[in-house]
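A.B. asks: Given next are the chains, with one letter for each unit.
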Amino acid sequence: MGIIVRDLHKAFGPKVVLDGFSVEARDGETLVVLGGSGSGKSVMLKHLVGLLIPDAGEVEVDGQVVSTLKQEELFELRRKVGYVFQFAALFDSMTLAENVAMGLRRKSDLDEEGIADRVDECLRLVDLEGYGDRAPAELSGGQRKRAGIARAIATRPQYLLYDEPTTGLDPVTRAMIDQLILRMSEELGVTGIVITHDMDSAFRVADRFAMLHNGRCRFHGSPDEIRASEDPVVRGFIEGRPELLEMES
Amino acid sequence: MQPLLKPFAMLGQGGVPFAAGIGRWGQLTADTVRAVRHVDVWLRLLLPQMARVGVDSVPIALFIALFTGIVLALQASYTFTGAIPLYFVGVLVGKTMMLELGPVLTGLALSGRVGANIAAEIGTMRVTEQIDALETLAYPPVAYLVVPRALAGIIMFPVVTALAIGMGIVAGWITAIQLLDMSSADFFNGLTLFFLPFDVTYAMIKATSFGFIVTSIGCFFGFHTKGGAEGVGDATTRAVVASSMAILVLNAFWAIVLL
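Just so you know, the sequences run in chain order V and B. FYI, the numbering for the first sequence is 13 to 261, going by the numbering used here. FYI, the numbering for the second sequence is 753 to 1011, going by the numbering used here.
Keep in mind the hints are simulated off the structure, nothing from the lab. Accuracy of the hints is not assured; some may be wrong.
As the list claims (entries may be wrong) - So the derived label-pair ranges between C-beta atoms look like this: (1) Glu982(B) to Ser120(V): 37 to 43 Å; (2) Gly25(V) to Ile957(B): 41 to 47 Å; (3) Lys978(B) to Gly233(V): 35 to 41 Å.
Unchecked claim - Each computed BS3-like pair below joins lysine-lysine, with the alpha-carbon atoms no more than 30 Å apart: (4) Lys82(V) to Lys27(V); (5) Lys82(V) to Lys58(V); (6) Lys58(V) to Lys978(B); (7) Lys58(V) to Lys27(V); (8) Lys92(V) to Lys82(V); (9) Lys58(V) to Lys92(V); (10) Lys978(B) to Lys82(V); (11) Lys27(V) to Lys978(B).
Quick reminder that beta carbons are idealized off the backbone N, C-alpha and C, glycines included.
Next comes chain V alone, as it looks inside the complex (with noise of 0.2 Å):
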């Protein structure tokens, strides 16, 4: 059924974040939202597990419109969708293996020992095979992005959202976890909103993409349609080129 985002609006006292913002991921599909820093990319992926509440408009996620859920369906809604934080959000009174399972803990019917295995089996997906035991103190910046996408993987959700994946990341862990990303959505069938700066990795994973500007929809089309924008604003961020957005502006 995937992700609809329709007329979302949101305001943190008098800044307007979302203005309007309209968008569409398709059942089975990774659709790459991209826009600049503070644009309001987390705000908008917040919104879709109901973790912020929409001043106007409506989120709707497999079929049902989140704003309107009660706790308890929220909690049901939740439990299809697995959320990589931007900093991983680790837990950090916890170790590793404890931060991975807490969801299978919460989400799934698997015993201690289904746990553990399925523990091991995405610890070893994301190349932390062994690790744990560590505490999240211990890890480096890209491990414990790596592990956040392990929590959030556990439980084999139906959806899954990405806050800046790979940003911050080596080359060779980058498309690492690009690979992941293509892997759930190829051999799981899983729908992904993958909010990223990084072009190269964002070329890689996406079905479509759209873009996020000045709080509304500017671009939304496949990835030949958003290289052969001519629209400047769309250009200059994908070139990488301020003077075409000062242009605009």
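Take the given structure of chain V and dock chain B to it, following the hints.
C.D. replies: This is chain B only, laid out in the frame that chain V set:
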């Protein structure tokens, strides 16, 4: 603005956020009561929290009670000399430790130790998105973070307070027989002279309410932390100040209502 209106404006500027804060704390308290039904979420966290809130606080509570008991016995003797029989030292030490100093000093000490710890921990979780992560993993954050801490406070504050009262009385007794011209029989005669079982009930009611107020205020300021390290520091300070003030207000409230 007219000068005469300025005090009212200042009162409003301070009073409105204060009233809003009380309202938000009340909302969190109501959410906490509702979240108790998620037993599967908080039950396994209760014992570790009881250890952190209670067992780890015993040394500081006993330390404070030890010296309070010594000072109480000596000051009672100094005040009573020549006017009141010395066995009243036992009355004063027992009654004061049980009705007032045991619960209040323990509560104030634990508001610094436990309240600050809770506010800093939950505040750090807030600013590093760990609370958001809990929600995305389908954990109700109030059930996971607030309920076990509040229950641990409610259960363990009376235990720690009872130990502190015991320590204060023992310290007063040893002081009386070692430093004052009193026998153990005199001291315990005084200790039991005006003792009422209600004294214990009164002390435990106060300690229970302090346990809830310290932990819930710590959680409240932690949950509403904004910004980074500065925000966490600010939340921690506010939690300690607010819970200390709340203890003193509650202390007066119970005296008015129950005595």
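A.B. asks: Of the hints stated earlier, which fail here?
C.D. replies: none
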